[in-house]
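Undergrad: Here the sequence shown stands for residues 18 to 414, numbered as in this note's numbering.
Everything labelled a hint here was simulated from the structure, so no lab data went into it. Some hints could be false.
To be verified - Subject to a maximum C-alpha distance of 25 Å in a straight line, what follows is the list of computed DMTMM-like cross-link-like pairs (lysine to aspartate or glutamate):
id : residue 1 : residue 2
1  : K51       : E65
2  : K51       : D68
3  : K335      : E385
4  : K158      : E144
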Amino acid sequence: HISKPEKTVFAKKGTEPSASVLLRLRPGGELSKKQVRGIAHLVAGSVEGLDVTAVTIIDVYGNMLTGPDDENSDELGIDATRIQYVRDIEQAYVSRIESMLSKVLGAGKAVARVTAEFDFSRSEREEESFDPGGQVIRSEKIIEENSGRGQRGGIPGVVSNLTNDPNLLAPPGEDSEKSGRNEQVRNYEVSRAVSRTTAPQGKLVKLSVAVLVDGTYHQIALPEGETEAADGQKVYQPLDSEVMRQLEELVKSAVGYDPSRGDSLTVENLQFNVPEQDLASIMEAELAQDKILRYVEKGVPLLFMLFFFFVVVRPLIKFMTTPTEAEVDLSRLLPTGIDELEQELAQERSQASIPDFVPSIDIEQLEELMAENSKVVKESPQQAALLIRYWLNDGRL
């Protein structure tokens, strides 16, 4: 239903249009938030001036599919996005497990629930390392200086060769000097490595998986002389330990089970509450109910048109074809002769086989009126049904 106010040049600020959508989902069906937003954007895009926040979507069970969480998602910021991200991941794991087990156990024989914990903190790490063994000479500077003067003095002989006294080796007034300089500078380039690591957001920290599987059902052994079991009763038989172990290994592989991460997995075999025959009967009843509703939706407009024809159109035609008192020929009230009576009687006999003359009716106006009533019935079939009930009961609902 779309509520679109009329445009006016006198109002400073008119009322914004709004829309409401009713969805009929299949039993057990569920729409994701992304699909609901897609429907809201589709409706908003098809109506001029309609904002997506003014679109309200509910299902036939009265569940609100659009609400404050969707309208204020921008105010919630990144937290709402993270929550939705976790839900999508958990639902993906659930779908993966149930679709796999349904191939082995059958449809509706397995129920899985997954709780995922994520770390959305952002961390960066920068590391710088040096390699002493990878030294390379970058620059080198070597300076050497040597200077000296004077030699051994004195008379060549025994004294000059044997004594170590410097006073005897050098004559008076003569010095012996000696100097030297050696400077060496080397600059090495040390091997250095710098690494920067950024941990991604949304890291999976832990998985908790719970899986519930149903067993098998076998027909009760029939006593002698009976061909069918009473009410189709069956006996429940749990799965053996080997099958349960195989199912547990399959689930571990499907979800990427990691013991070092602290993951937990529980697979239990319990009897489901709804028997197979009851589930089938429930589904058949729901399908029959949906079929009846579709027939009612198609039949109400037709019934309304028939009712409108017999209650409104037919009396209107009858009223227009009935002559009024002013139209009655006053000459018929005067005495007439035999010849005139015979002519009148012959004329009435000839007209008895000819259908009554129906004056012309405005067909376009009648079709327009019927189209308008049909539109009203299609838009609100429940109100039309109440109106028909009101007319048929002489003003009583």
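Undergrad: Confirm or reject each hint.
TA: How the hints compare with the structure:
Proposed proximity of K51 and E65 is supported: the alpha carbons are some 23 Å apart, at most 25 Å. A distance of roughly 17 Å separates the Cα atoms of K51 and D68; the hinted pair therefore holds under the 25 Å criterion. Of the pairs offered as hints, the one joining K335 and E385 holds, with about 20 Å between alpha carbons and a cut-off of 25 Å not exceeded. A C-alpha spacing of about 33 Å is found between K158 and E144, which places the hinted pair above 25 Å, so the restraint is violated.
Violation of the numbered hints given earlier is confined to hint 4; every other hint is satisfied by the structure.
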